[in-house]
Every structure is written in structure tokens, then in C-alpha cells.
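Each protein sequence line maps, in turn, to chains A and B.
Counting the first sequence from 1 gives a position; this note's numbering is that position plus 5.
Counting the second sequence from 1 gives a position; this note's numbering is that position plus 5.
Any given hint could turn out to be false.
When the alpha-carbon atoms are kept at most 30 angstroms apart in a straight line, the in silico BS3-like pairs for lysine-lysine are as follows [claimed, not checked]:
| hint | chain 1 | residue 1 | chain 2 | residue 2 |
| --- | --- | --- | --- | --- |
| 1 | B | K55 | B | K24 |
| 2 | B | K55 | A | K12 |
| 3 | B | K27 | A | K78 |
| 4 | B | K24 | B | K84 |
| 5 | B | K27 | A | K12 |
| 6 | B | K12 | A | K27 |
| 7 | A | K12 | B | K12 |
| 8 | A | K24 | B | K55 |
| 9 | A | K78 | B | K24 |
| 10 | B | K55 | A | K87 |
| 11 | A | K27 | B | K78 |
| 12 | A | K78 | A | K27 |
| 13 | B | K55 | B | K78 |
| 14 | A | K55 | B | K84 |
| 15 | B | K55 | A | K84 |
| 16 | A | K55 | B | K87 |
| 17 | A | K84 | B | K27 |
| 18 | A | K84 | A | K55 |
| 19 | A | K24 | B | K12 |
| 20 | B | K24 | A | K55 |
| 21 | B | K12 | B | K55 |
| 22 | B | K12 | A | K55 |
| 23 | B | K84 | A | K27 |
| 24 | B | K27 | A | K87 |
| 25 | B | K87 | A | K27 |
| 26 | A | K84 | A | K24 |
| 27 | A | K27 | B | K55 |
| 28 | B | K55 | B | K87 |
| 29 | B | K27 | A | K24 |
| 30 | B | K24 | A | K27 |
| 31 | A | K55 | B | K78 |
| 32 | B | K55 | A | K55 |
| 33 | A | K78 | A | K24 |
| 34 | A | K78 | B | K55 |
| 35 | A | K12 | B | K24 |
| 36 | B | K27 | A | K27 |
| 37 | B | K84 | B | K55 |
| 38 | A | K24 | B | K78 |
| 39 | B | K27 | A | K55 |
Hints listed in this document are in silico derivations from the structure and should not be mistaken for laboratory results.
Number of protein chains: 2
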Amino acid sequence: WCQYEVKGEQRIERLYQFKDFKTALAFTNAVGELAEAESHHPALLTEWGKVTVTWWTHTVGGLHMNDLIMAAKTEEIFKQFK
Amino acid sequence: WCQYEVKGEQRIERLYQFKDFKTALAFTNAVGELAEAESHHPALLTEWGKVTVTWWTHTVGGLHMNDLIMAAKTEEIFKQFK
Numbered sequence: 006w007c008q009y010e011v012k013g014e015q016r017i018e019r020l021y022q023f024k025d026f027k028t029a030l031a032f033t034n035a036v037g038e039l040a041e042a043e044s045h046h047p048a049l050l051t052e053w054g055k056v057t058v059t060w061w062t063h064t065v066g067g068l069h070m071n072d073l074i075m076a077a078k079t080e081e082i083f084k085q086f087k
Numbered sequence: 006w007c008q009y010e011v012k013g014e015q016r017i018e019r020l021y022q023f024k025d026f027k028t029a030l031a032f033t034n035a036v037g038e039l040a041e042a043e044s045h046h047p048a049l050l051t052e053w054g055k056v057t058v059t060w061w062t063h064t065v066g067g068l069h070m071n072d073l074i075m076a077a078k079t080e081e082i083f084k085q086f087k
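Okay, chain A solo, but in the shape it has when bound (with noise of 0.2 angstroms):
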């Protein structure tokens, strides 16, 4: 995970990468699954073979604890497209 800043927001973000379209799309259809039940909504760009999953909060005006496990879990759910 990398953290950067836009419009004085800090963000969380990771590139993951799969062998093709269907199964990038999978796995943005799996942390779309958890950011519904938690509540909690990231930014997901599905490309050909790669999902960029970025997470912050916009009440809080950048990163809160929630975001860290929403990352964590979201590395739950890459071992399972592995």
C-alpha cells in the first residue's frame, strides 16, 4: 500500500494484479461485497488484469483506522483470488 495525499486527503492505495479482465473484475465484485456489509466505500479502477483499490475517509477529511482494516481485509480477499 502506498499513502498520498489529494486535495489535502490522505489516501490509502494498492495496485493488484491478476491474470486477466474476468478475474480482476471478480475480485473488485469481492471488496464491493465487504465495502456494502462494512459500509465503507473505496475507489476500485478495474482494468485488464489489474484492480487499483484506494481507501479514505471523506468525513474525517483523510485516513481513519477503519480505512487500515478495510485494507487489511482487502488482502484477506487477494488470497483468496491467488
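Please build the complex by placing chain B on the supplied structure of chain A, with the hints as guidance.
This is chain B only, laid out in the frame that chain A set:
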């Protein structure tokens, strides 16, 4: 749709808005299904209530007629989500 250049490659992009994350993700999946069917893949940025769709063609270093056709088909899919 707006057109812009990334590293010398022309791309076309449009932002679509939805009522929530779930509907945005359903749209991402519908465009992903089209992409798989046509073997031509966009970048799909899914966020809460919005999806940014970007089409371009790597092999010709920018836009190809097919990207414009895919953009038109994306519009057709969006109509089903309104």
C-alpha cells in the same frame, strides 16, 4: 464523453452517476460483460454513486473506431440503469 491524452494516447471518458454504490457496481459489471463479449476492455473506476468509463486502444496508440462503438454501447447499457 470527453477526450484527452495520456502519454501520447488519446482516450475517451465519461462519468456516470447512480443512486448508490451497489447500482454503480452493477453498471461496472454490465460494462465488464460487454467488454468480455467484445474482447475490448476499458478502465472502470467504481466509487460510491459513480462510475468513470475510459475507452482507448493500446495497439493503435489511441482511439480507434471500435472505442467509439464501445462508448455508444456503454450509453445503451446506462439507459437500462436510469
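Against the structure, the hints come out as follows:
no.	hint	in the structure
1	K55(B) to K24(B)	holds, 8 angstroms
2	K55(B) to K12(A)	holds, 19 angstroms
3	K27(B) to K78(A)	holds, 19 angstroms
4	K24(B) to K84(B)	holds, 14 angstroms
5	K27(B) to K12(A)	holds, 26 angstroms
6	K12(B) to K27(A)	holds, 26 angstroms
7	K12(A) to K12(B)	holds, 24 angstroms
8	K24(A) to K55(B)	holds, 26 angstroms
9	K78(A) to K24(B)	holds, 26 angstroms
10	K55(B) to K87(A)	holds, 29 angstroms
11	K27(A) to K78(B)	holds, 19 angstroms
12	K78(A) to K27(A)	holds, 21 angstroms
13	K55(B) to K78(B)	holds, 18 angstroms
14	K55(A) to K84(B)	holds, 27 angstroms
15	K55(B) to K84(A)	holds, 27 angstroms
16	K55(A) to K87(B)	holds, 29 angstroms
17	K84(A) to K27(B)	holds, 24 angstroms
18	K84(A) to K55(A)	holds, 15 angstroms
19	K24(A) to K12(B)	holds, 25 angstroms
20	K24(B) to K55(A)	holds, 26 angstroms
21	K12(B) to K55(B)	holds, 25 angstroms
22	K12(B) to K55(A)	holds, 19 angstroms
23	K84(B) to K27(A)	holds, 24 angstroms
24	K27(B) to K87(A)	holds, 25 angstroms
25	K87(B) to K27(A)	holds, 25 angstroms
26	K84(A) to K24(A)	holds, 14 angstroms
27	K27(A) to K55(B)	holds, 21 angstroms
28	K55(B) to K87(B)	holds, 13 angstroms
29	K27(B) to K24(A)	holds, 25 angstroms
30	K24(B) to K27(A)	holds, 25 angstroms
31	K55(A) to K78(B)	holds, 23 angstroms
32	K55(B) to K55(A)	holds, 19 angstroms
33	K78(A) to K24(A)	holds, 21 angstroms
34	K78(A) to K55(B)	holds, 23 angstroms
35	K12(A) to K24(B)	holds, 25 angstroms
36	K27(B) to K27(A)	holds, 19 angstroms
37	K84(B) to K55(B)	holds, 15 angstroms
38	K24(A) to K78(B)	holds, 26 angstroms
39	K27(B) to K55(A)	holds, 21 angstroms
In this structure, every one of the numbered hints holds.
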